[in-house]
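*Asks:* One letter stands for each residue in the lines below.
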Amino acid sequence: MNDVLAVVKGNRAVARDTFLMDLDCALEPSLPGQFLMVKVSSSCELFLRRPLAILGQGEGTLEILYKLKGEGTLELSRKKPGDVLWVLGPLGNCFSPPQNGESALFVAGGTGLPPVLALASRVGSGALVIGARSKGDIPLLDRMNSLKGVAVYPVTEDGSLGRRGMATDVLGELLAGAAGPCAVYACGPRGMLEKACELSGVAAARCEVSLEEYMACGFGVCSACTVKTSAGPRRVCSNGPVFDAATIAWGAR
Amino acid sequence: MNDVLAVVKGNRAVARDTFLMDLDCALEPSLPGQFLMVKVSSSCELFLRRPLAILGQGEGTLEILYKLKGEGTLELSRKKPGDVLWVLGPLGNCFSPPQNGESALFVAGGTGLPPVLALASRVGSGALVIGARSKGDIPLLDRMNSLKGVAVYPVTEDGSLGRRGMATDVLGELLAGAAGPCAVYACGPRGMLEKACELSGVAAARCEVSLEEYMACGFGVCSACTVKTSAGPRRVCSNGPVFDAATIAWGAR
Amino acid sequence: MNTSVRIAPGLVLKNPVLSASGTFAYGEEFSRLFDLGLLGGIVTKGLSLNPKEGNPLPRVYETPCGLINAIGLENIGADAFISGKLPELRSFGTPVIVNFFGSSEEDYALLASRLDVNGIAAIEMNVSCPNVKQGGLEFGRDPEVLFRLTGAVRARTGKPLIVKLTPMVSDIGAMAQAARAGGADAITCANTIPAMAIDEHTWRPVLGNVTGGLSGPAIKPVALKLVWEVSKKVDIPIIASGGACTWNDCVQFLLAGASAVEIGSASLRDPLCFTDIITGIEHYLESRGLDSVTDLIGKLETP
Amino acid sequence: MNTSVRIAPGLVLKNPVLSASGTFAYGEEFSRLFDLGLLGGIVTKGLSLNPKEGNPLPRVYETPCGLINAIGLENIGADAFISGKLPELRSFGTPVIVNFFGSSEEDYALLASRLDVNGIAAIEMNVSCPNVKQGGLEFGRDPEVLFRLTGAVRARTGKPLIVKLTPMVSDIGAMAQAARAGGADAITCANTIPAMAIDEHTWRPVLGNVTGGLSGPAIKPVALKLVWEVSKKVDIPIIASGGACTWNDCVQFLLAGASAVEIGSASLRDPLCFTDIITGIEHYLESRGLDSVTDLIGKLETP
Ligand SMILES: Cc1cc2nc3c(=O)[nH]c(=O)nc-3n(C[C@H](O)[C@H](O)[C@H](O)COP(=O)(O)OP(=O)(O)OC[C@H]3O[C@@H](n4cnc5c(N)ncnc54)[C@H](O)[C@@H]3O)c2cc1C
Ligand SMILES: Cc1cc2nc3c(=O)[nH]c(=O)nc-3n(C[C@H](O)[C@H](O)[C@H](O)COP(=O)(O)OP(=O)(O)OC[C@H]3O[C@@H](n4cnc5c(N)ncnc54)[C@H](O)[C@@H]3O)c2cc1C
Ligand SMILES: Cc1cc2nc3c(=O)[nH]c(=O)nc-3n(C[C@H](O)[C@H](O)[C@H](O)COP(=O)(O)O)c2cc1C
Ligand SMILES: Cc1cc2nc3c(=O)[nH]c(=O)nc-3n(C[C@H](O)[C@H](O)[C@H](O)COP(=O)(O)O)c2cc1C
Ligand code: FES
Ligand code: FES
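Protein chains in written order, with our numbering: chain A, 1 to 253; chain B, 1 to 253; chain C, 1 to 303; chain D, 1 to 303.
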C-alpha cells in the first residue's frame with residue numbers, strides 16, 4: 001500500500017448516475033476485491049477519503065466505477081482529464097479464486113459490481129448475475145457480455161432488462177441447477193449479501209462477500225468499520241473487505 | 001445591491017501575483033469606490049466572501065483586479081472562462097468627484113489600485129501616483145498611460161520603474177507644486193493612507209481614502225469592519241469604504 | 001400546511017426560521033434585500049443599557065467551514081434602538097426579538113424593564129458575557145448564577161423571556177434546567193464556541209481581542225448535540241443556533257427537538273438564504289405529506 | 001537545530017509531533033507506510049483492562065471539515081497489548097505512550113499499575129469517559145472527581161502520567177489545575193467535542209451510538225483557545241490535540257503554549273502527513289534562525 005498521485009484520463013457516465021474513471025497511476029499490483037481510498041478533493045471540507053474498489057488495473061493505469069451517492073462521488077464526477085487525485089492502495093484482502101473444480105457464481109448489485117466484475121474477468125468462467133432497479137442502471141453490459149466463458153444474467157426490478165426480480169432469485173436457481181460444487185462471490189446491498197449467504201448455505205456452496213461499511217482510514221487504524229464475525233471483531237478495511245459469508249454475524253451491526 | 005450570478009469571461013495574470021478578471025454579470029450600475037463581496041467558492045471551507053473593488057463596469061460586464069494574498073484569491077485565480085461566481089453588490093459608498101476647480105491627485109498602492117483607477121478613468125484629469133515594490137508588481141500600466149488628461153507617476157521601492165521611493169513622496173511634491181485647490185484620492189496600505197491624509201492636511205487639500213478592513217458581511221450587518229472616526233464608529237463596508245481622511249482616528253484600531 | 005410554531009405564551013412564529021443576533025444588525029440592511037415579513041422572527045443585535053464600542057480590529061477571521069468573531073458586542077444601546085430602529089422594524093409584521101446582555105445582574109434586570117415596551121415581541125438574554133462581579137466568569141457557565149440571573153430578569157419583564165445558553169459548559173442540560181427554573185419561557189441553544197486564531201508568521205493572535213467565538217457549519221454537529229441534550233432535560237421550547245445553513249440543517253435541528261432555528265453566519269455568506277430555507281422546509285413537509293412543522297419537532301427516532 | 005521537547009521527567013521527545021490515540025491503532029499499519037522512528041512519540045489506541053467491543057456501526061460520519069466518531073473505545077485490552085503489540089512497537093526507538101481509560105476509579109488505578117511495565121514510556125489518561133458510579137457523567141467534567149482520579153492513578157504508577165482533558169467543560173483551566181494537583185506530569189488538551197448527526201430523510205441519528213465526538217480542522221480554533229487557556233493556568237507541559245493537519249497548525253499550537261502536538265484525524269485522511277509536518281517544522285525553525293523548538297513554546301505575543 002502507498003499513497004500515489006493519479007492523473008485522470010477519462011471520466012464518463014456509463015449508466016444512470018454511474019461513472020467510469022480511467023486513471024494513470026503507478027499503484028502496486030492489486031488483486032480482485034482490493035480497493036482504494038480516494039481523496040476526492042484537496043479541500044478539507046470533504047474530509048474523509050472515499051473507499052472505491054479497483055475495477056481494473058493495467059501497466060500504470062487504474063479503472064474505477066462509481067455511483068453518485070453524495071458529495072464525494074459528485075465531486076469525483078466533476079473531475080476532468082488532467083486533474084489529479086491522491087489514491088491510497090491497494091487496500092484490503094481479495095477474493096480467493098474457485099478451488100477444486102468449483103464453478104463460480106458472481107452476484108452484484110448496487111455499488112457492488114466493480115470488485116465482482118474484476119474477479120469475473122480474472123476467473124473467466126462461471127455465471128455473473130447483475131441486479132439493478134432498471135436497465136438504465138446497469139453499466140458495462142458490453143464488457144460483461146464480452147467475457148468469454150462467463151454467462152451474464154441481468155436482473156431488473158422493473159423487468160426492463162433480463163429477468164424481473166432480484167439478483168438472488170437467479171442465484172438461487174443457478175445454485176439449485178448446479179452440477180458440482182459452487183463458489184459464490186457477492187458484493188452489493190447488505191440484504192442481498194445475507195440472502196446470498198443463506199442460499200449458499202442451503203446449497204452447501206462456499207460464499208465470499210465483499211462488505212461495504214463507512215470507513216475513515218481504510219487501512220485498519222481507526223476501527224470505524226469493525227464487524228462481528230464468528231472469529232471475533234474484524235475490520236472490513238484491513239481484515240476484509242472480503243469475508244467468508246458464513247462467518248458474518250448478519251444480525252448484529 | 002443584489003446577489004447576482006457572474007460568468008467568468010477572462011482571468012489572466014497582468015502583473016506579479018495580480019490577476020484581471022472579466023465577468024459577464026447583470027449588476028446594478030455602480031460608482032467608483034464601490035465594491036463587491038465575491039463568493040470565491042461554493043465549498044463552505046472558504047466560508048466568507050472576499051471584498052473586491054469594482055475596477056470597471058460595462059453593459060452587463062464587470063472587471064475586477066486582484067492580488068494573490070491567501071486561499072481566497074488563490075481560488076479565484078483558478079477560475080476558468082465559463083465558471084460561475086456569485087457576487088453581491090454594488091456595495092458601499094463612492095468617491096466624490098473633484099468640486100470647485102479642484103485638481104485630482106490619485107494615489108494607489110498594494111491592493112488599492114482598482115477603486116482609484118476606476119475613479120481616475122471617470123474623472124479624466126489630474127495625476128495618478130502608483131506605488132509598488134518593483135516594476136513587475138504594477139499592473140495595467142498601458143491602461144493608465146492611455147488615460148488622456150491624467151499624468152501617471154509610477155514609483156517603485158527598488159527604482160525599477162519611475163521614481164525610487166514611496167508613492168507619498170511624489171504626492172507631497174505634487175501637492176507642494178499645485179497651483180490651485182487639490183482633491184486627493186487614496187487607496188492602499190494603511191500607512192500610505194495616513195501619510196496621504198497628513199500631507200493633504202498640511203497642503204489644505206481635501207483627502208478621501210478608501211479603507212480595507214477584514215469583512216464578514218460587506219453590507220453593514222455584522223460590525224466586523226467598524227472604524228473609529230471623529231463622527232463616531234463607522235462601518236467601512238456600508239458607511240465607507242470611502243471616508244474623508246481627516247475624520248479617521250488613525251491611531252486607533 | 002401549517003409552518004407556525006409556538007415559542008412562548010403570546011409568541012407564535014409564522015415559520016421556524018429566525019435571524020440570529022449579531023448577523024442581522026437591526027434589520028435595515030436586510031430589508032433592502034428581501035421582505036422581512038417572510039421571516040418567522042427577527043432577532044436583533046445584542047443590546048446593552050448604553051451604547052458599546054466593541055473590540056479592536058480585526059474582529060473576524062475565517063476558519064475551515066466557519067468563522068471566528070470578536071465583535072465585542074458593539075451596539076447602539078437600548079434607547080437608541082427603541083427610538084430609532086424599532087418603529088421601522090416592527091412594521092414588517094414579524095415578531096421582533098431583542099437580544100440583550102449586561103455585565104451585572106442589575107444591568108440585565110434594568111435593561112429587561114427598559115425593553116418592556118410595545119413592539120418588542122420577546123427578549124433573548126445572552127449569558128455568554130463575563131460577570132464582572134464574579135471575576136469575569138461568564139453568567140452562562142454556572143447553573144446557580146444563571147438561575148438567579150434569570151429570576152432577576154423574569155421579575156422585571158412581562159415579555160416572553162428566552163435564555164440563550166453558552167455552549168461551552170460541562171452540563172448544558174443543567175444550565176437549561178436552571179434557566180427554566182428561573183422563569184425562562186424558552187431556550188436558545190446555543191452561542192458561538194470560544195476559539196482563537198494565531199498567525200504563525202507574526203507570533204500574534206489574529207483577532208484584536210485575542211479570542212473570539214466560532215460559528216458556521218463547522219460547529220453544526222456540536223450545536224445539534226446540545227439541542228438534543230437540552231430537549232431531553234427541559235419541556236420548554238428550544239430555538240437552535242449554530243451552523244444552520246440549509247433547510248436540511250433546520251429539519252435536523254427540529255428533529256433533535258428545536259421548535260425554531262436561527263440563521264446566523266450563513267446569512268453573512270448568503271444574505272438571501274432565508275427564503276431558500278423557508279421554502280425548502282415547506283417543500284419538505286409537502287413531499288413527506290406532513291401537515292405541520294410541529295410534526296417534526298423532537299421526532300428523532302433513537303434506537 | 002534542536003527539535004526535542006521535554007514532557008515529563010524521563011520523557012523527552014525527539015520532536016514535538018505525536019500520533020493521537022485512536023487514529024494510529026497500535027502502530028502496525030503505519031509502520032508499513034513509514035519509519036515510526038521519525039515520530040516524536042506514539043500514542044496508542046485507548047486501552048481498557050479487558051478487551052472492549054465498541055459501538056454499533058456506523059461509527060464515523062463526515063461533517064464540514066471534520067468527522068464525528070463513535071468507535072466506542074474498541075480495543076484489545078491491556079494484556080493483549082503488552083504481550084502482543086508492545087514488543088514490536090517499542091522497537092522503533094520512539095517513546096510509546098499508552099492511552100487508557102476505565103469506568104470507575106478502581107478500573108483506572110488497576111490499569112495504571114498493569115501498564116507499569118518496561119517499554120511503556122508514559123501513560124495518557126483519557127477522562128472523557130462516563131463515570132459509572134456518578135450516573136454516567138464523565139470523569140473529566142468535574143474538577144473534584146478528576147483530582148481524585150488523578151491521585152488514585154498517580155499512586156499506582158511510576159510512569160510519567162499525562163491527563164487528557166475533555167474539551168466541553170465550563171472551565172478547562174480548573175480541570176488542568178485539578179489534574180496537576182492530583183499529580184499529572186503533563187496535560188493533553190483536548191479530546192473530541194461531543195457532536196451528533198441526523199439524517200433528515202430517515203429521522204434517525206446517523207451513528208449507531210447516536211452521539212459521537214467531533215475532530216478535524218473544524219475544531220482547531222477551539223483547541224487552540226483551550227491550549228492557550230490551560231497554558232495560563234498550569235506550569236506543566238501541554239500536548240495539544242484537536243484539528244492539527246499541517247506544520248503551520250503545529251507552530252500555532254506551540255506558540256499558544258503546547259510543548260508537543262498530536263496528529264489524529266489528519267492522519268486518517270493523509271497517513272503520510274507526519275513526515276511533511278516534521279520537516280515543515282524543521283524548515284520553519286531554520287528559516288526563522290531559531291535553534292530550538294522550545295523557542296516557540298508559549299511565545300504568543302498578546303497585546
Ligand atoms: C471497500 C469498499 C469498496 C467500495 N467500492 C465501491 C465502488 O467500486 N463503486 C462505488 O460506487 N461505490 C463503492 N463503495 C461505496 C462508496 O464508498 C460510497 O458509495 C461512497 O463513499 C459514497 O460517498 P459520497 O460522498 O458520494 O456519499 P455520502 O453519503 O455523501 O458520503 C458521506 C460519508 O459516508 C460514507 N459512505 C456513504 N455510503 C457508504 C457506503 N455504502 N459504504 C461506505 N461508506 C459510505 C462516505 O465514504 C462518506 O464518508 C465501496 C465501499 C467500500 C467500503
Ligand atoms: C472594500 C475592499 C475592497 C478591496 N478591493 C480589492 C481589490 O480590488 N483588489 C484586491 O486585490 N484586493 C482588494 N481588497 C483586499 C482583499 O479583500 C483581500 O486581499 C482579500 O480578501 C484576501 O483574501 P485571501 O483569501 O486571498 O487572503 P487570506 O489572507 O487567506 O484571507 C483570510 C481572510 O482575511 C480577509 N482579508 C485578508 N486580507 C484582507 C484585507 N487586506 N482586507 C480585508 N480583508 C482581508 C479575507 O477577506 C479573508 O476573510 C479589498 C478589501 C476591501 C475591504
Ligand atoms: C458577527 C457575529 C456577531 C454576533 N453577535 C451576537 C450578539 O450580539 N449576541 C448574541 O447573543 N449572539 C451573537 N452572535 C452569535 C450568533 O447569534 C449565533 O448564536 C452564533 O453565531 C451561532 O450560529 P451560526 O453558526 O448560525 O452563526 C454573533 C455571531 C456572529 C458571527
Ligand atoms: C477514530 C477516532 C478514535 C479515537 N479514539 C480515542 C481513544 O481511544 N482515546 C482517546 O483519548 N482519544 C481518542 N480519539 C481522540 C483523538 O485522539 C484526538 O484527541 C481527537 O480526535 C482530536 O484531534 P484530531 O482533530 O487531530 O483528530 C479518537 C479520535 C478519532 C477520530
Ligand atoms: S476504516 Fe479505519 S479501521 Fe477500517
Ligand atoms: S463587514 Fe459586516 S458590517 Fe462591515
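No wet-lab data here; the hints were simulated from the structure. One should not assume that every hint holds.
[As the list claims (entries may be wrong)] Once the Cα atoms are required to be at most 25 Å apart in a straight line, the calculated DSS-like pairs of lysine-lysine come out as: (1) B:K135 with B:K195; (2) A:K79 with B:K135; (3) D:K133 with A:K228; (4) B:K135 with B:K148; (5) B:K195 with B:K67; (6) D:K232 with C:K133; (7) C:K52 with C:K85; (8) B:K80 with B:K67; (9) A:K79 with A:K69; (10) C:K232 with D:K133; (11) B:K195 with B:K69; (12) D:K14 with D:K52; (13) C:K133 with C:K233; (14) A:K80 with A:K67; (15) A:K80 with A:K69; (16) B:K228 with A:K9; (17) B:K9 with A:K79; (18) A:K67 with A:K195; (19) A:K9 with B:K135; (20) A:K79 with A:K9; (21) C:K232 with C:K133; (22) A:K228 with D:K85; (23) A:K80 with B:K9; (24) A:K195 with A:K228; (25) D:K133 with C:K233; (26) C:K133 with C:K14; (27) C:K85 with B:K228; (28) B:K79 with B:K9; (29) B:K228 with C:K52; (30) B:K148 with A:K79; (31) C:K133 with D:K233; (32) D:K85 with D:K14; (33) A:K80 with A:K9; (34) D:K133 with D:K14; (35) A:K80 with B:K228; (36) A:K80 with B:K79.
*Asks:* Please go over all the hints and tell whether each is borne out by the structure.
*Replies:* Verification of the hints:
Distance hint between K135 (chain B) and K195 (chain B) is fulfilled; the C-alpha atoms sit about 22 Å from each other, no more than 25 Å. For the hint linking K79 (chain A) to K135 (chain B), the alpha-carbon distance of about 38 Å lies beyond 25 Å, and the restraint is violated. Restraint check for K133 (chain D) and K228 (chain A): not satisfied, since their Cα atoms lie roughly 29 Å apart, outside the 25 Å limit. The hinted pair formed by K135 (chain B) and K148 (chain B) meets the criterion: a straight-line CA distance of about 22 Å does not exceed 25 Å.
Only pairs whose Cα atoms come within 25 Å are accepted, and K195 (chain B) paired with K67 (chain B) is accepted, the gap being roughly 23 Å. For a cut-off of 25 Å, the pair hint linking K232 (chain D) to K133 (chain C) stands: about 21 Å separates their Cα positions. Distance restraint check for K52 (chain C) and K85 (chain C): the Cα-Cα separation of roughly 16 Å lies within the 25 Å cut-off, and the hinted pair is therefore satisfied. Annotation: proposed proximity of K80 (chain B) to K67 (chain B) holds, straight-line Cα distance about 17 Å (limit 25 Å).
Distance check on the hinted pair: K79 (chain A) and K69 (chain A) sit about 16 Å apart at the alpha-carbon level, within 25 Å; holds. Of the supplied pair hints, the one linking K232 (chain C) and K133 (chain D) holds, its CA atoms being roughly 21 Å apart against a limit of 25 Å. About 24 Å separates the Cα atoms of K195 (chain B) and K69 (chain B), which keeps this hinted pair within 25 Å; it holds. The straight-line distance between the Cα atoms of K14 (chain D) and K52 (chain D) is roughly 33 Å, outside the 25 Å bound, and the hint therefore fails.
Under the criterion of a C-alpha separation no larger than 25 Å, the hint pairing K133 (chain C) with K233 (chain C) is inconsistent with the structure, at around 29 Å. Restraint check for K80 (chain A) and K67 (chain A): satisfied, since their Cα atoms lie roughly 17 Å apart, inside the 25 Å limit. Our distance criterion of 25 Å between C-alpha atoms is met by K80 (chain A) and K69 (chain A), whose separation comes to about 19 Å. Restraint check: the Cα-Cα separation between K228 (chain B) and K9 (chain A) comes to about 56 Å, which exceeds 25 Å; the hinted pair is violated.
Restraint check for K9 (chain B) and K79 (chain A): the C-alpha separation of about 21 Å stays at or below 25 Å, so the hint holds. At roughly 23 Å between alpha-carbon atoms, K67 (chain A) and K195 (chain A) fall within 25 Å of each other, so this suggested pair holds. Between the alpha carbons of K9 (chain A) and K135 (chain B) the distance comes to roughly 41 Å, so the proposed pair goes past 25 Å and is violated. Annotation: proposed proximity of K79 (chain A) to K9 (chain A) holds, straight-line Cα distance about 10 Å (limit 25 Å).
Taking the CA atoms of K232 (chain C) and K133 (chain C), the gap is about 32 Å. The hint is violated against a cut of 25 Å. Between the alpha carbons of K228 (chain A) and K85 (chain D) the distance comes to roughly 22 Å, so the proposed pair stays at or under 25 Å and holds. Between K80 (chain A) and K9 (chain B), the direct Cα distance comes to roughly 20 Å. Compliance with the 25 Å bound is thereby established for this hinted pair. For the hint linking K195 (chain A) to K228 (chain A), the alpha-carbon distance of about 18 Å falls within 25 Å, and the restraint holds.
Proximity of K133 (chain D) to K233 (chain C) is assessed by CA-CA distance (about 21 Å); at most 25 Å being required, the pair is judged to hold. Straight-line distance between C-alpha atoms of K133 (chain C) and K14 (chain C) comes to about 40 Å, which puts the hinted pair past the 25 Å bound. A C-alpha spacing of about 22 Å is found between K85 (chain C) and K228 (chain B), which places the hinted pair at or below 25 Å, so the restraint holds. Of the supplied pair hints, the one linking K79 (chain B) and K9 (chain B) holds, its CA atoms being roughly 10 Å apart against a limit of 25 Å.
Distance check on the hinted pair: K228 (chain B) and K52 (chain C) sit about 13 Å apart at the alpha-carbon level, within 25 Å; holds. This hinted pair does not check out: K148 (chain B) and K79 (chain A) have alpha carbons roughly 47 Å apart, beyond 25 Å. For the hint pairing K133 (chain C) with K233 (chain D), the CA-to-CA distance comes to about 21 Å; that is within 25 Å, so the pair holds. Annotation: proposed proximity of K85 (chain D) to K14 (chain D) holds, straight-line Cα distance about 22 Å (limit 25 Å).
Restraint check for K80 (chain A) and K9 (chain A): the C-alpha separation of about 8 Å stays at or below 25 Å, so the hint holds. Proposed proximity of K133 (chain D) and K14 (chain D) is contradicted: the alpha carbons are some 40 Å apart, above 25 Å. Of the supplied pair hints, the one linking K80 (chain A) and K228 (chain B) is violated, its CA atoms being roughly 49 Å apart against a limit of 25 Å. In summary, the hint linking K80 (chain A) to K79 (chain B) is supported, as the alpha carbons are separated by about 14 Å, within the 25 Å threshold.
Violated hints for the displayed structure, listed by number in ascending order: 2, 3, 12, 13, 16, 19, 21, 26, 30, 34, 35.
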